[in-house]
Amino acid sequence: MIRDVALVAGKDLRLEMRSRVGIGQVVPFALLVLLLFAFALDPERGVLDRVTSGLFWVVVLFCSVLFIQRSFGVEAEDGIIDALRLTGLSAPSIYIGKVAALVVELLALEVVLAVGVAIFYGTTFGGFPLLLTAAVAATLGIAGSGSVYGALSARLRTRDTLLPLLLLPLLAPVLIAATRAFEVGMGREAGQGWSWVALLGIFALVYLSLGALLFRPLMEDA
Amino acid sequence: MTTTTSRAASPVPAAPTGTGSRVTRILGIASLIGVAVLVLYGLRISKEDAQLGETIRILYMHVPTVSAAYLAFVITAVGSVMYLWKRSEFWDLLAASSAEIGVLFFALTILNGMLWGKITWGVFWRWEPRLTTTAVLFLTYLGYLAARAVPTSTRTRGTISAVIGIMAVVNIPIVHKAVDWWRGLHQEKTIFGTVDPDMKGTQLFTAYLGLTVFMLIFAWLLIHRFRVAWLAERANDVGLDAALAERRAEGTADGSANETADGSANETADSSANGPADGSANEPANESADESAGAGLGGAR
Amino acid sequence: MESVVHLRSAVAVLGRFPALAGVDLDVDHGEILLLRGPNGAGKTTMLRLCAGLTPLSSGEAVVLGVDLARQAHAVRRRVGLLGHATYLYDDLTVTENLDFWARASGATTADGRAALDRLGVAHRLWSLPVHALSAGQRRRVSFSAMVARRPELWLLDEPHAGLDAAGRDIIDGLMREASSVGATVLFASHELDRAGDVATRAVEIVGGTITAPVPPAGAPLAASVAP
Chain A
1 MIRDVALVAG KDLRLEMRSR VGIGQVVPFA LLVLLLFAFA LDPERGVLDR
51 VTSGLFWVVV LFCSVLFIQR SFGVEAEDGI IDALRLTGLS APSIYIGKVA
101 ALVVELLALE VVLAVGVAIF YGTTFGGFPL LLTAAVAATL GIAGSGSVYG
151 ALSARLRTRD TLLPLLLLPL LAPVLIAATR AFEVGMGREA GQGWSWVALL
201 GIFALVYLSL GALLFRPLME DA
Chain B
223 MTTTTSRAAS PVPAAPTGTG SRVTRILGIA SLIGVAVLVL YGLRISKEDA
273 QLGETIRILY MHVPTVSAAY LAFVITAVGS VMYLWKRSEF WDLLAASSAE
323 IGVLFFALTI LNGMLWGKIT WGVFWRWEPR LTTTAVLFLT YLGYLAARAV
373 PTSTRTRGTI SAVIGIMAVV NIPIVHKAVD WWRGLHQEKT IFGTVDPDMK
423 GTQLFTAYLG LTVFMLIFAW LLIHRFRVAW LAERANDVGL DAALAERRAE
473 GTADGSANET ADGSANETAD SSANGPADGS ANEPANESAD ESAGAGLGGA
523 R
Chain C
524 MESVVHLRSA VAVLGRFPAL AGVDLDVDHG EILLLRGPNG AGKTTMLRLC
574 AGLTPLSSGE AVVLGVDLAR QAHAVRRRVG LLGHATYLYD DLTVTENLDF
624 WARASGATTA DGRAALDRLG VAHRLWSLPV HALSAGQRRR VSFSAMVARR
674 PELWLLDEPH AGLDAAGRDI IDGLMREASS VGATVLFASH ELDRAGDVAT
724 RAVEIVGGTI TAPVPPAGAP LAASVAP
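Chains as they are written, first to last, in the numbering used here: chain A, 1 to 222; chain B, 223 to 523; chain C, 524 to 750.
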């Protein structure tokens, strides 16, 4: 199964490298949103720095919707879903493979975004152990739950507007927890940063397991 | 698959003309009486609360609506799991009907929460845990309904809804926890109690009465809504039998004698596209949604 | 020996539309069966049913010994289906596609390359992304991906479409080869002359059912083609 997961993940990442949608479109979009927030909120009065964590994760969420749409949109064309069903690949293998590729893409985005935020908003990051763990856990949860909804909405005609509506409310706890963890990590807030990370971890665990189970019925019904 | 495709092309049995029955009539009357009694107790007989004043009266409605909503979503979750397991239409329709009513009750909950807030805090909204959680879950299940409304085959719709139903219900405790911790940091007093804190005598009675009445209303709504959905599916199936007959008729030159009596049953867009002899136009509008995109169904079928 | 494909009163409903309205068919090992019929008759659905992709609504369907009513998914990895889509990732190169699809189906990358050669896909095309190929070249690549899997049952929807004469010859050769090693071929086609040459038997589908009489095995082809 590991072999199959690697096969699918490798294919997704290769597709990304070839088509450059992530690098060419999503990352610029993320940086663009940072700019838009600067226009909307006065950069002089220190507001931007204070809301960094929240803005960071909101942008990550929006970009994850784009990544997921891309990841599953590609599979929805050219009869590829049928071809995938005819291979011997098990649904959980395909699921984990796609999740893995998404995690890589999202983590790369988060790094770029962090640099962007440091430059544009003058934010100083600290407390890296907490930040990194929180980011990884949050990303796993986003990719895990997002992949289920991505596969599901790719089958429908209104896929592009439906996916954010389905995914974003589900990710509300991730947004809350990740933002809080970042705030604690950067020393702006007192509190139990690791409790928030635990919540993120539980979310990721629950949805990765659920996703692996639910992926088969999703692939079955064409 | 639905069970009806195994029916022979015999005359369609007379369909029920409404969704009422003895059970719903009993429930309905009980609800009406219950509501009257509740209003009496809620607004008149029970006294104001020491802490909450007159606003406790909203609680008699608020707690029941939110409880009914949660019950509705649990039913949706159970229906979703059962549908994925048994693949029977009953569970799919039950889950969907329940979700609709749940969303309705959530809307009521938010409304009376806002009213309570206006009176107590002077503002319609505060980011306190209960309201916030309800808002998030409300949007979650709106998504469920939105997905259900997209035209697609019955089986696809059922599977998709079931997956969403399961994903959503699992999130409920997580959202609760996250929001409670989040708002808990700011020492927000959540004044929205549950039924128990310090309620005695008529207050307690009225609270439980409210709960009972709303459960009756919920049951009544659910049964009706389920039956409406079920009838809608049956109406579609009638078209199926006729379509089967027409389809077979394409093959025989004389147009076949298998006409079902009710020609108007061929209303559904797909069967109306089945012209005789000329087989080329048989791509019903909702056909394309039935195949996964690019399934290679292409032109010739 | 039991049939490779056994259908009795098979009904397949797509949405609300009965694409197959009761099909009876038996296909033996090594047969090359031609499905003829007008557009919309149900040929594609029939192929998809045999592939285990379209669910059986009622009736009996046993393909490669697998009961499609209960375990349709078990037949999938043993068949090869080629419809009108390309089944390829446009942004990946030919070899990247073949490597992926071959390995996903349990074959090796060598099998994939060999298939490309068999289908006459020029080596200079191998490192090009699929979207840069012509339709005919893409068709050959799609075919290669199927051939690399070595399926026991070939399900082809208009295999000759979009190919030049050389390509068509290759396809015919492949079908005969498959038949000679015991695989079975079902293909739908409108090109009756060429199809008639390679097919061992033909049936006619109209209105979701098979209308032409199915002759006993061994009868000459001409007798089975309905007027």
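The hints are simulated quantities; they were obtained by calculation from the structure and are not laboratory data. The beta-carbon is built from N, C-alpha and C at its ideal position, and this holds for glycine as well. One or more hints might be untrue.
[To be verified] Over 10 Å on every C-beta distance to chain A, these chain B residues come out as not near it, computed from the model:
1. Leu265
2. Glu322
3. Gly344
4. Val358
5. Leu359
6. Leu364
7. Gly365
8. Trp403
9. Ala441
[Said to hold, decoys possible] Some chain A residues well away from chain C (every beta-carbon gap over 10 Å; in silico):
10. Leu7
11. Val27
12. Phe39
13. Gly54
14. Val74
15. Leu86
16. Gly88
17. Phe120
18. Gly126
19. Leu130
[To be verified] Each pair of labels, with its calculated beta carbon distance range:
20. Pro373(B) x Ala6(A): 35 to 45 Å
21. Val259(B) x Gln594(C): 52 to 62 Å
22. Ala633(C) x Val296(B): 46 to 56 Å
23. Arg157(A) x Lys308(B): 22 to 32 Å
24. Val450(B) x Asp590(C): 48 to 58 Å
25. Val58(A) x Val259(B): 45 to 55 Å
26. Ala329(B) x Ala190(A): 36 to 46 Å
27. Ala40(A) x Ala329(B): 23 to 33 Å
28. Ala597(C) x Leu426(B): 25 to 35 Å
29. Arg216(A) x Glu583(C): 21 to 31 Å
30. Arg188(A) x Val450(B): 48 to 58 Å
Hints and how they fare:
1. Leu265: 35 Å, holds
2. Glu322: It holds; Glu322(B) is separated from chain A by about 16 Å at its closest Cβ, greater than 10 Å.
3. Gly344: 26 Å, holds
4. Val358: Violated: least Cβ distance 5 Å, not greater than 10 Å.
5. Leu359: 8 Å, violated
6. Leu364: 7 Å, violated
7. Gly365: 4 Å, violated
8. Trp403: 7 Å, violated
9. Ala441: Non-interface label stands for Ala441(B): nearest chain A Cβ at 28 Å, farther than 10 Å.
10. Leu7: 6 Å, violated
11. Val27: 18 Å, holds
12. Phe39: 34 Å, holds
13. Gly54: 35 Å, holds
14. Val74: At about 7 Å from chain C, Val74(A) fails to clear the 10 Å cut-off, so the statement is violated.
15. Leu86: It is violated; Leu86(A) is separated from chain C by about 5 Å at its closest Cβ, not greater than 10 Å.
16. Gly88: Per Cβ check, Gly88(A) is inside 10 Å of chain C; nearest 4 Å; violated.
17. Phe120: 32 Å, holds
18. Gly126: 40 Å, holds
19. Leu130: 38 Å, holds
20. Pro373(B) x Ala6(A): 35 to 45 Å: Taking Cβ atoms as reference, Pro373(B) and Ala6(A) lie about 38 Å apart, which means the hint holds.
21. Val259(B) x Gln594(C): 52 to 62 Å: 57 Å, holds
22. Ala633(C) x Val296(B): 46 to 56 Å: 54 Å, holds
23. Arg157(A) x Lys308(B): 22 to 32 Å: Given about 28 Å between the Cβ atoms, the range holds.
24. Val450(B) x Asp590(C): 48 to 58 Å: 37 Å, violated
25. Val58(A) x Val259(B): 45 to 55 Å: At roughly 48 Å between Cβ atoms, Val259(B) and Val58(A) fall inside 45 to 55 Å, so the hint holds.
26. Ala329(B) x Ala190(A): 36 to 46 Å: Hint holds: Cβ distance 37 Å, inside 36 to 46 Å.
27. Ala40(A) x Ala329(B): 23 to 33 Å: 31 Å, holds
28. Ala597(C) x Leu426(B): 25 to 35 Å: 59 Å, violated
29. Arg216(A) x Glu583(C): 21 to 31 Å: The hint (21 to 31 Å, Cβ to Cβ) holds, given that Arg216(A) and Glu583(C) are roughly 25 Å apart.
30. Arg188(A) x Val450(B): 48 to 58 Å: Given a distance of about 53 Å, which is inside 48 to 58 Å, the answer is holds.
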